[in-house]
Structure formats: C-alpha cells, structure tokens
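A.B. asks: Single-letter residue listing:
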Amino acid sequence: MDKASRLVEDEVYEPSASPSSWQILWREIKRDKLALASLIFLGIVVAAVYGVSLILDQKQIVTVDLFALYQPPSSKFWLGTDYGGRDVFGQLIIGTRNSLSIGIIVTVLTGVIGILAGLISGYFGGTVDNVAMRVVDFFMILPTLMIVIAFVAAVPKYSVVSFSLIMTAFLWMGIARLIRSKTLQERELEYVKASRTLGSSHLKIMFTQVLPNLSSIIIVTMTLNLAANIGLESGLSFLGFGFPESTPSLGTLVSYARNPQTLEFRWWIWLPASLLILVLMLSINNVGQALKRATDARQRRG
Amino acid sequence: MGRKLTPRMLLPLLLTFMIVLSACTSGKGNEGAQPPGPTNTQNQTEGENKPKEEGLYSIEDFSNVKTNEGEPIKGGSITYGLVSDTPFEGILNYNFSSGAPDAAVLGWFDESLLAWDKNYVFTNDGAATYEVSEDGRTFTFTIRDNVNWHDGKPVTAEDWEFAHEVITHKDYDGPRYGSDFTNIEGVLEYREGKADKISGIKVLSDKKLQITYIKSTPSLLTGSIWTYPLAKHIFGDMEIAKMSSSSAVREKPIGFGPFKVESIVPGESVVYTKNADYWRGEPNLDKVVLKVINPTTVVQQLKSGGVDLVDSFPIDQFPDNANMSNVEYLGVIDRAYTYIGFKLGKWDEENKVVAPDPNAKMADVNLRRAMWHAVDNDQVGKRFYHGLRWNATTLIPPSHPEFHDASNPGIAYDVEKANQILDEAGYKKNGEFRTKPDGSELVINFLSMTGGDIAEPLARYYVQSWNAIGLNVNLELVEFNTFYDRIGNNGKDDPNVDVYQGAWTVGIDVDPAGLYGRDALYNFSRYASEENDRLLAEGVSEKAFDVATRKAIYKEWQQFMIEEVPVFPTLYRSEIVPVNKRILNYAIGDGTGIYLYELAVTQDKPFVAE
Amino acid sequence: MWKTILRRLLIMIPQIILLSVLVFILAKSLPGDALTGMLDPSVDPSMLQEQREKLGLNNPWHIQYWDWITKAVQGDFGQSFRFKMPVMDLIGQRINNTIWLSLVTLVLTYLIAIPLGIISGRYHDTWGDRIITGYTYLGFAAPLFIFALLMLWIFGFHFQMFPTGGSVAPGLAPGTFDYMVSKIYHLLLPALSMALITTVSTVQYLRSEIIDIKQKDFVLLARAKGASESRVYTHHILRNSLLPIAAFFGFEITGLIGGTVFIEYIFSYPGMGQLFLNSILIRDFSVVTALVLLYGIASILGSLISDIILGIVDPRIRIK
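Protein chains in written order, with the working numbering: chain W, 1 to 302; chain E, 1 to 610; chain S, 1 to 320.
If you are wondering where the hints come from, they were derived from the structure by calculation, not from laboratory data.
Backbone N, C-alpha and C fix where the C-beta goes; we use that ideal spot for every residue, glycine too.
Rough simulated footprint, nothing fancy, chain E against chain S, three-plus residues with beta-carbon under 8 Å:
no., segment
1, 74-86
2, 276-290
With a straight-line Cα cutoff of 27 Å, these simulated BS3-like cross-link-like pairs (lysine-lysine) come out:
no., chain 1, residue 1, chain 2, residue 2
3, E, 287, E, 252
4, E, 194, E, 208
5, E, 252, E, 232
6, W, 157, E, 361
7, E, 492, S, 28
8, S, 183, E, 303
9, S, 71, E, 170
10, E, 242, E, 202
11, S, 183, E, 252
Let's have the full structure, built from the sequences with the hints guiding it.
C.D. replies: This is how it looks when you write it as structure tokens:
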C-alpha cells in the first residue's frame, strides 16, 4: 500500500533551489498530456463530488427503504440500490467525498508532522537529529497495517476523527525522513550560513528560506502519498477496519463484493466504486509521477 | 430455555453470513449432523420451493427430512461442508469444546449417551437408557453393552462419572461448569477439595451409573443432564488443566459415534472412516470428508458437487439459488430469536441480582409498547430475509412447539396506535420530536451490533421507524465484543445505553430464567418483578412435570412479557440447508429418528447442477 | 562492514523491546477479552471471574507484561484461549502457509519482473515497452485487494480453474507427491494475484536502470569493440542492473507482510494474516501480540537484509 511513498524515499534528490517551484511544476504538467488530462479529470471529480454532495439530500441517501432492496440501475436510481434499499449513486458520491477527504486530511496531517520533524531534525542535527531519527526508525519498522487494525479495534468511541488520527500516527515517517535528508544538505549551503551571520533566527531560516526550497519535493511526495493513503483507507474499509460501518466509503462499497451474490449479479454496487478507486489512484499517480519526473529532470539539467 | 443460550455473534468479517459463536452447545446442540434429530411439526410439501409472492418463501414449505429417491449403493463417500470463514478451533471433545464449528466436527464421530425426541425430552433410544426415582431426583442410567470407544474399549459408567469429575474440578478450563453441575449432590464439596468423589454420583456397575440431583425440575429431562462421557483410559492420567490442549482432544480425538477420525488438517478439514463397531449397526458410508468452506464459495461448491451436505447455508444466497437442480433444500425452525431490549436498571454486583431502576429513561411501559407498535417486522422479514425470518410474537420461539403460544398475536405493527399511546401518556410533540411527559428532552440511545450485510440497514430501519412516531433515537453501531461489554456482559452496564438489539439462541429446555430471571447476569434489560419471579419459579417446579401445567405457566409468562415489554422479540429464524440429491436417509433438526449411520448415497459421484 | 552490521543488530534490540511493549499495551486495551464471547446462563459468571483471575487477566499491566515477555524470550507465547493450544503451535501451523505463499509470490514477482523489465528497457520506446509501461502504471495504481478480488472471481469462480479456498485438498497425507501438488495448486492463484501487483515497481526500476546503464561508457565501449548485442546485455548491462534489484529483496518481504493479510482474507487461505484478523475479532490477545511481534521482527530483518545486500552490492551506500 505504501509503495508510492517508498519509491519516493529511495530516490536521492538533489537540492532544487527555485522559489517559484509551483510555476515550474505547473509548466511541466502542462507539457505532459497524460498528466494534464489526469489533473483535469481529478479536478472534475473533486468538483463534482464535493458539489453534488452539497445538493444531495444526505439523509435521504442513508434512509433504509424496505421496498427497494437491490434495485438494478434505473432512471430513479442511476446505479441501483444496495441491501438497504439505498441509492448507490448517492453513496458513491458521498463515499468518494469521504475517501478523498480522509485521504487529504491524513496526507496533510502526516505532511505537517513529517515536515516539522524532518526540518527540525535535519536543521539542528546532532542529538536532536539522533533522537528524532531513532523514533522514526522505530516507527518505520512497525508492521503498519497490523498495528492500525489493532488500534482501530481498540479505540472505544470509534469515529472518523479517531480513524484519521490513527492513520496519521503511523504514516508520517516517510516524509519526515525525506525532508530531513534534504534539510541536511540544504543547511550546508551558503545562503543558510549567510543568513545566520546576518542574524536571522533559526525559525526564520527554517520556515522562510529552507522550506520554500523544498516545496517541489514536498508537493511531489504529498501527491503520491495522497494516492497511497486513499488506497490504504479503502483497503482498511474493505477489511472492515476503516470507516465506521454507517459512513459510506469507497472501500465499504467494494467490500460488498465479498458476497458472491453481489459480486455475480449486482455489479452496480461494487464495480463503480472499484473502478473509481482505480481511476482516482491512477490519475493522482500520473500527476505525481509527472511532477517527480519534472523535478528529477530539472536536477539532471541543473 | 435454561441452557445453551448463546449470543448471536455477527463477525464484521462475515459480510454475507453470520455464525453463532455458540458459547455452549452443551447438551444437544448441533442439529445438522447429530443423530438424535429433528423437531417441529412441519408439513411436508414436495418438490419445488415456490415462492408465494415474488422472492418470498416460507419455512412451512420446507421439510426437514430428505426425500429418498433411488436405491442406495454399498459404501461410498461424501463431503460435508462446514460453512464458516474462520477455521474450526479443533477442540474435539464435547467435554471441552465450545464453538459451533467444533460441534459440527464432533457430530460425526461422537454423540450423546442419551437421545431425545422432537420436544427435546430424553428418550431411551440412545446409547444409554435411564430411569427416574419417585422423587424425581435420582437417575439411574444403563449404557448399552455394545457401546464401545473407537479403540474398542467399552464406554463405562466410570467414564461418565469421570466426565463429571473433570468438569467440576477447579482446574477445568472448559466452558461447561455451571448450574447443571452445581445441582448434583456433593459437587461443591468436591470442587472445594473437601471430598475425593462427588457424593451424588455412584458407579453401580461397569455400565450402570446413578446420579442424584439436589433439585428435581422438568429441565433435567430436557438437557440438564451431562450425557457425554470422557474416556478414562485415555484421560485418566492427565493433568486436568492440560486435557483440553492434549493430542487426545486436538489431534487424535476419540468418541463412540458412527465414524472415526482418520486424519485432521487443523482448522481446515477432517477425514472420517466408518466405525464398523458402531452400536446401532455398521454405517452405510465408508468415508466422510469434512472441510471448511467459505460462505462466499458455498454455492459454487454445491453446484459442482464439491460438497454434498453443509452445516448451514446463508439465507441471502437462497433466493438466487432456490432452483439449484442437484440439491434438495431442507428447512427447520431455528431455536433462536432476535429481540430489542430496553435498559430498565443495573446489575447489582454485590448481591448478584438485577436492580431495576424505576426512574430509568425507558421505565414507562407505554413508551416501550409504542416502540414495539412502531416497527414492521413482518416487512423486515419479508424484505431482508425473503420470508425466511418472520415477525416474532412471544419470547418462546416456535422451535418449541409445545410451549410457544401460537395463539398469542404479540403486538402488531400499528403506527397510529403507537402515536396514540404516546399522546395519551403525555409525550408531547415539540417540533419534530416528542418530549418526556414532564416536558424535558427525550433522546434515546440505541446500541446495535455491526457485522453481516443486514445488521446496519436493519438497525437504521428501526431508528427510522421510531423517528416516524416522533422519538429521537440515536444509533450507535459497535462490534460484537464492545456491544456485550456495554450492555453489561460483565455486570457493568453502560448507563448511556437505553435500547439495544440482540439475539439469543435458546436451549432445548424452555425455562427462560437464565435470560429473564432476577439473578441472571444475562438479563440485560435488568427487568425484574415479583410476578415474573413467580412464573419462572413455577415453570421449573415439581408441578410443572405435568406438561399441560407447564404449558399453561409459560403461556401466562409469554403474555406477561408482552404486557411488560422489558424486551420484545423481533424475528424468528429458520435454517435452510441444501442436500445433494444422491444423499439418502438424512434429516436436520431434533427427534427425527434418522441417524447418521443410515446415511447413504445413490451413486458414486455427487449430482452436478445443470 | 561487519561493524555496521553489528551496530544494526544492536539497534534492533531496543526496537524489538519497544515494539513488544507497544503491542502488549495495545492488545490489552482492546475492548472485551477472550471470555466475553462466553455468554451462557448455565455457566456461573463467578466461574468466568475465577478464570480471569487464573489467566492473570486481572493483574496490573506491567506484571502481565513481565510474565509474558519473560516467557516470550524462551519462545513461549502462552496459550491461545480460543484454540486451546500453545500460540507457537498455532502460528506454526499457519506460518508455513504464509511462508509458502510469500515464497511463491517472490519467485513469480521476479519471474515476471526480469523479462518484462529487460524487454522494456532494451527496446524502450517501442510498442512492447509502451504496453509494459502501461501495465506498470495500472499495476502501480491498482489496489491489491481490488485486483485480487477480480482475479478470484474470474479465474476461481467464473472459469473454475483454481480452488477458491483452503491451503490443501483434504484427505491427502503430508509428504506425498499429491499433497505437494495440491498445496501448490491452492496457492498459485493467490500468489499470482499478489505478484502481478508487487512486481510492477521492480519492472519499473529494472527498466530505468537498464536504460541508464546502456548509455554508460563501458557499455558503449564494449559495443564499439564489436561485442554482440546479446553479449553486451548478459555480460554488462544485466549484471549491473540486477544487483540493485537483489537489494530490494528485503523490502519485498516488508511489502509482502501487508499484502498477505489482504490476499489470505480474500482467498480464504489459512495463513497468519487470516489468523491475525480472526484473533483480533475474538480477542485472542496472546495470538495477536505474538503475531504483531513476529511481523515486526520480520520487517526489521527485511530491512536489515536489504541494507546488508545494498552495502555489499554498492559500497558507496553506507549503513547508517
């Protein structure tokens, strides 16, 4: 599940020192047709999902209707209904929104923690770095999937919040390690030393000078992490250790396929969700890979 | 229903299917494979299982006995599917096992010494016979001379006594010790180490055993006697604490049933060969293979002839496969019901009794009755379960035809009536929801279990139904362990739970004291009243030995519970099991008089679906 | 080299201890315990209390931990409450299945990756390469569980080419030829499903590695000297690009751990992953703790192996 993040760590990055990395990345994306198409597709999905879920009557969607169980797709229910007589299309929209949201939340949270830990550890080095890296090492060797499952089972009042916190707690290390190694290189550079002699505070140097220089790597990593996180979430929900049962999610919709009757005769319940996960992850990966190639290429050139 | 009440456990992993974590299959669980069979007065209607209405079925259209077509061949072997998505535990001895899957494995090679009829009353048709003394307390059992263990040693009265000694010993780690045993004279002294032997148990001769019980109750005849011997020549020298993990339980289990265990792949499969020395006669089949099959693959396996028989079949897969050409479906009413419970008090740990609280949120019987009126269980059964579960009326299910009061209609679905009751009781509408009669806000917390496709929409349906009569109900879904923790499985009831949905598998004895008695921990609603105490006590009193009297008592009790509504039953259940058409002499349920040694096949290979 | 390995091994010890504490506390905080499932009115509740006392379930956690860890270092993880047998025996039954599954998956992974990677790298920018790259893109994005589910449905159910559950057909004696065949037959589909997904990163890596190396001076030189194209590939390019792949071996192990949980669940394959999920559900603490600990140790060893191989293959990469 975390192959995306793993690959990123394995790469050895050279420092990329342009403050306008957003623009550069955007230019690279525009050049890569596949990535551009993916990005546009993602934009449409996100807009549609969040937009439609505002209009949709959510209470209506989760309302059980005894007389409409397992309806095939029709003009009333575009994607039919599930075992509770609930509109699958509506659940797909809300499920996608939930899966995306948790993916984004976890990515941002892990990003913030990872960046902070990495920056501090790399910038100060020495004992701080040593301690931080031992902690990271420890988290890295944990069998993440098992521990997350055990935690999910252990939390007494289980909710979406606790779920995202649990995921965050075991997924921040990759980015921390990456940022640390970059910061280590970065702090040896002239501009940091110059800043220091000019009397800038450590905080200022870290956040206004080093951090912006790492932004393209951060964007690339977080994009790929987003895909990995959505994959992990849907996988956990599929196993029954993800979203609480009453919350629609893509993984939960797929898990209905564990019922062979559903798998064989009621494709409308699980297939759209499966395909959507596939396409979503493909698109996010496309964008991420394009960005990564762009940063790599720039390093080679530069 | 004193014994063997088990919570229906819905594993979250079982998305399509549910299993029973049968905490206790003690006396005579294990329909399916067990010889002393069937139950339930069902009219046998032949042929196709035709739905009355599109997609609807009724248990009354199923027979519990396989129709025999064709001539048996000599020998043959069959495959029996244990439908489960977990491996079986492999504690293969009735004296130690607890899980339902293990019971299905056990049923082929071991059996109870006493058989029972369709009303679950012990008969003299089994491996042992019994006589009761005048006062109903002393039982004398005689094991038939030709009853031998698989290794050829005779099953003796000493083995039977030994089983009692092991189970009541303080080092025993199995799930069997309980009121059945404390009712035997001298058990407490033995358990505390004050006596070497249980004074109430006497070995009269090799094959004769006498047990004296402290209290005589009609329950003794319906399952409260321990009827599974433990082979003393094998277990005699073992430490009691180590027995359940010994190879004589796990790897080379022994019994005296129609088949013997040849090999075991732990958790996955068992191969049995016939026990030519079986006391009823030499079995027809040469070999039986038992394998665990996942509920997701059961249909495929049945169609291809990969299995001939299964222990259970997921109901949600039935409608799509009702016309499977190579099987015949057998059906029986399950000894179980689903129910909604209302929290009416707490558990008093010190005195080990329930402590009803007159100020509990759900203490008003009008509120509880209105909530029963508000739910349409008839439609729930039809829509979610294709009619194979149906509206429940009383707390004694129709699996006990003698005691189930079929004339009692329960409380019908009637939203108007529900509203009227609440209006009259002073629950006034304040906006969308009603308030308490004193005008304060009324929020009801409903706890339900996750697991199974249907658990979540079903719980949500109930919430909707209660919303529809103006009650503000919060739903919380938790998994099995948390659920029972919070409704008070360990005596610490969560005060935030007002209403819950649970299920019980009921024992073969009808006595409900274990679930609704004042001193029952599992009386999760914490309801108690003197009238209830009286009825429950009368139901197991000496005068209740007269079946008509006992019936009258329980009829009264069923009505009383409908008036009090500490809990209300929602659904009764049926068990549907497909059987390959080549199988002869097979039945499910209790008291059929059809035994496994008679099982036969009409051809070498299973029929395959067209 | 030896010094760094030794240091790595020393670091492992506190890691494992910390892991064991974490795992233990976690298991203890799971709601309910192994006795929760035993609701039976004919069983005296005080008997359950006695059993809890006997099992030490009422002691403070640090005492329970000490009891557990002192035995664990001697290989005794206690008894499984549900299965009434020593945890190690229980795991022992399953670990073989999981190891076989992992091994076959690894073999298939490399069997798929190496030819695909070579074709893709050698003939890059051809149609063959594009198809392979397209596959790696898809495989990279496709979550394992969705892919495995589809494989099970298509090949297990629809075409009925493979068994759909279990690890071996019943009734075969262990050690016989039929038994082995049946075992392999049972794990082929699960392993293939996993391999087709895990292989893509290796294919991608191999491809870019080959493309990189074939521009290098020594390759150009060999070619200029008139070595045949196949000789250039076998002698120069492959040797150099396959070694780093070997280094990923350890990481593959770590990746497999998560994968087998899904695969065993979907294919009803009785291995450790399935045991883990079931044990969590039935609160069989002793099994859960032992399993997570074993998985943790496996991934520690995995990364150690990778680092060592990497250090041998490429001395520039020092073990930190």
